[in-house]
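Given the structure of chain P, go ahead and fit chain R with the ligands onto it with the hints provided.
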Amino acid sequence: MTKTTQTPAEPKAKGKGLTRRRFLQVLGGGAAVLAVGAVLGGPTLVREGRLAINRVFLTGSAPSSPPPKDPFVWFEINAANEATLYIPKVEMGQGIHTSLAQIAADELELDWQTVRVRQADASRGFDPQLIFTFGSTSITALYQPIREIAATMREMLRTEAAAQLGVAAADLTAANSTISNGSQAKTYGEIIAAKAGAWVIPEAAAPLKPDADFKLIGQSVKRVDLRDKVTGRAQYGFDMRAEGMVYGAVARPPRYGATLKASGEGDARSQPGVVDVILREGFAGVVASTRRAAQAALSHLDLTWEGGTTINQAEMEAMLTLPKEGGTLIQREGNVDGATGTVIEANYFTPMAVHAQMEPQAALADVKTDSALIHTSTQAPGLSQERIAAALKMDEAKVAVRAAYVGGGFGRKTGTDAAVEAALLSQAVGRPVMVGWSREEEMQQGYRRPPAANYFRATISEAGDITSVHHEMASGDVLFNPQVGASGGFLEVLLGTDPLAAYGGLIHYSLPAVRGIYHRMEIPVPTAYWRGLGSFPNTFAIESFIDELAVATQTDPFDLRLKYRPADDLGRRYELVLNAVREASGWGSAVPEGRARGLATCYDRGTVVGLVVEVSVNESEINVHEAWCAVDPGLVINPNGAAAQVEGSIIMGLSSTLIEQQTVENGMAVGNNFNTYPLLRISQAPRITVLPINSGDEPVGGMGEPVIGVVPAAVGNAVFALTGQRLRLLPLTLA
Amino acid sequence: MELRINGQTYTVASDAAEPLLWVLRDELGLTGTKYGCGLGICGSCTVHVDGEAMRSCSTPLSTVEGKAITTIEGLATVEADGTETLHPVQEAFIEEQVPQCAWCMSGQMMQAAAFLSNNPQPTEDEIIAAMNNNYCRCGCYTRIKTAVALAAEIAEERRA
Ligand code: FES
Ligand code: FES
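Note that the protein sequences, when read in sequence, are chains P and R. This note's numbering puts the first residue of the first sequence at 1, with every later residue one more than the last. This note's numbering puts the first residue of the second sequence at 736, with every later residue one more than the last.
Each hint should be verified, as a subset may be incorrect.
[What the hints assert, rightly or not] Think about it this way: if two alpha-carbon atoms lie no more than 16 angstroms apart in a straight line, the pair counts; the simulated EDC-like pairs of lysine to aspartate or glutamate are:
1. P:Lys195 with R:Glu830
2. P:Lys324 with R:Glu830
3. R:Lys880 with R:Asp860
4. P:Lys222 with R:Asp860
[Unchecked claim] The following label-pair restraints were derived from C-beta to C-beta distances:
5. P:Gly696 with R:Glu861: 43 to 49 angstroms
6. P:Glu698 with R:Ala752: 56 to 62 angstroms
7. P:Ser220 with R:Thr858: 26 to 32 angstroms
It is worth saying that the hints were derived from the structure and are not from the lab. Values in this document were obtained by computation on a predicted structure and should not be read as measured data. Glycine is no exception: its CB is placed at the ideal position from the N, C-alpha and C atoms.
Next up, chain P with everything else stripped away, as it sits in the complex (with noise of 0.2 angstroms):
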């Protein structure tokens, strides 16, 4: 099948995905309508406007900018016929800079022993919010945009071959970064450097090539990043290094939302190797020659700091209590309160969790009278710019940001305050600022997972049917803590949601009545992403409680999941993603003696995901052995790749089924190193089995997030199948 693309003025408007244009239509006539709805006094309307706009929240992926359409900002071919694409995503270890070269490299026609990948930047004309890299959206949203400006540029350059050749374009195929008919042949290099005067772009984008002829994408194409990464030449954030630079550390609060009401030097700045104090107002730092000498400096300081949260974990677990009512509704099919039968009811609940990934937030700012040079570890360039750009009261034009490798996001690379500390810094000195926080900067003074809270009341007719499932959420803050800057303005009102955290808490089973109730809780710990937003906690409810129906209804965990799957297409894939894993994990054979299996599966940004695992029991420990894992993201780019990402996941959610927990005590979280606060390891890994699923001709679904969800509830599922224990809580402690 061949594709044939024109640009349209505006990037078209996908069912699955939203455009920034689109996006600002529905928020506005959301905003009309409760606009409307507040003025008439009509609690219906809002309670209605809310349902509308949430529901593009919960089910559109985030609008992303538009890329560059000059195909020489992306790729560059030397006379030597070495090709460079610069690739806008951060690589933080999901393999981006590999797939996305991959795209590129297939609808191009490049050799790819001669493709070298770099990090693009705003010096290249990239939109560093575009550079943003979230969400599992990367390739979903630069698929089709990459080909298109690839297959534009390989047109380009058979234009112009056939034009320093003699010959016609038609008779020349572009294949390993040359073009010919034969007879005759030049490389790519030698056309770009033969060319004379300035390349034309087309407005029109160039027809993209067949699928069938496809020679990388949906290849386990190895990752282009490796060998600098197992030789240790890779620079992350933290590795930043520069001519005449020194060492921050700033002064952290006792307790969340403490202020400094006063500040002093101390004997600070005679302690060894302390270059120079730095006090602001509710700002204390010090810079010095080494990390140690500026982190040991901090402690003679004389501060004073105020007010505060003194919170504590009891307490702070007593506000996710779900209220009676209120809350604000998000989703509602057929009418639940007309549903009779027998009730079911359950309450599940989800800690805080850290991001702990390995590289701790880190940032190296060169800081100038008129200019500054920041890099940093960070998915968010863009903001990253901004809020330096604030905090130095510098023009944000005059603010570069430029993206390291990242040793870990999940979501936590989203933070600035390193960049913004060092940025402080370097302008107080006059001199280039490494600041890389410690461990426990990282689990105490970062943000982290919110806690959640789950209930669920559902009816069962005497035929065995699930005739309703009423869901209410409680969760705190994921995009809106003000204690992390976010601040959502008029958004906030509009919603009466935090949606990242609601994020996961529709229901996607086809069920006669359905209705979903979030209550936003604004919780005095900061909490922001952690990889899956919502849908880790949801999910784990969910699919939890979906076991708990197929065990009330006497139904096989496949059987009632196929059933009740959803309409149409969505269904389809479920059923594939369902069969595959039932299949590979020989679900209803003999399960070795003391083990049980369990299911669970989710719709997550565009991807269906089946997980099966198999645990067994050893007093109050819970081991898992095995894990077969069916996803389907639509096409496929790199199956390798794909399978890191859901090994990952699979790992990263055990920690959070079997060991972590965040708590707080006294205002401030306890967990503050790995004594404290460990994670899993290698001995507790399960034999994991991923069985990609190429259910269509374009992705259609992220992979960095959507199987984390389904980890706990397979394994409390399993858990409950081997000992009739329910386990609602996690980390799953038996009792």
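Below, chain R with the ligands alone, put in the same frame as chain P:
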């Protein structure tokens, strides 16, 4: 104080109590060795001292004076003409596409290399025990098991 690192001699002025990790990274610019916890728990900072795996974050300079230190930058061999031959562990970690973010990987590979030099034909259980104090948050554990076993095979072939 003189330090012998990757076959080269460095003179450092740092305090004898300073952890080796920060001297490597911040004094000598050998940033391949990574920081993860500073407590000897995560293994990110693992280097070799006289061939044994050590946590450089918890190793004061005074204890390594005069000893042969190898960091990830010195794990491969480089010929006089500049050709780099990866250590079997590095080769296996690429072959199995083990690293994700790779921040933990210098430590994983240094741990594995020291282990294999003491135990060239390990069982899977021995590999797991040897690697059990190296955290990987990206969750590369299943691949680490396979790759360490493969590294043992590669080393065996190279010896043959
Ligand atoms: S940094 Fe040394 S063991 Fe974690
Ligand atoms: S590869 Fe990222 S922590 Fe191991």
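Each hint, compared with the structure:
no. : hint                                       : in the structure
1   : P:Lys195 with R:Glu830                     : violated (40 angstroms)
2   : P:Lys324 with R:Glu830                     : violated (56 angstroms)
3   : R:Lys880 with R:Asp860                     : holds (9 angstroms)
4   : P:Lys222 with R:Asp860                     : violated (28 angstroms)
5   : P:Gly696 with R:Glu861: 43 to 49 angstroms : holds (44 angstroms)
6   : P:Glu698 with R:Ala752: 56 to 62 angstroms : holds (58 angstroms)
7   : P:Ser220 with R:Thr858: 26 to 32 angstroms : holds (28 angstroms)
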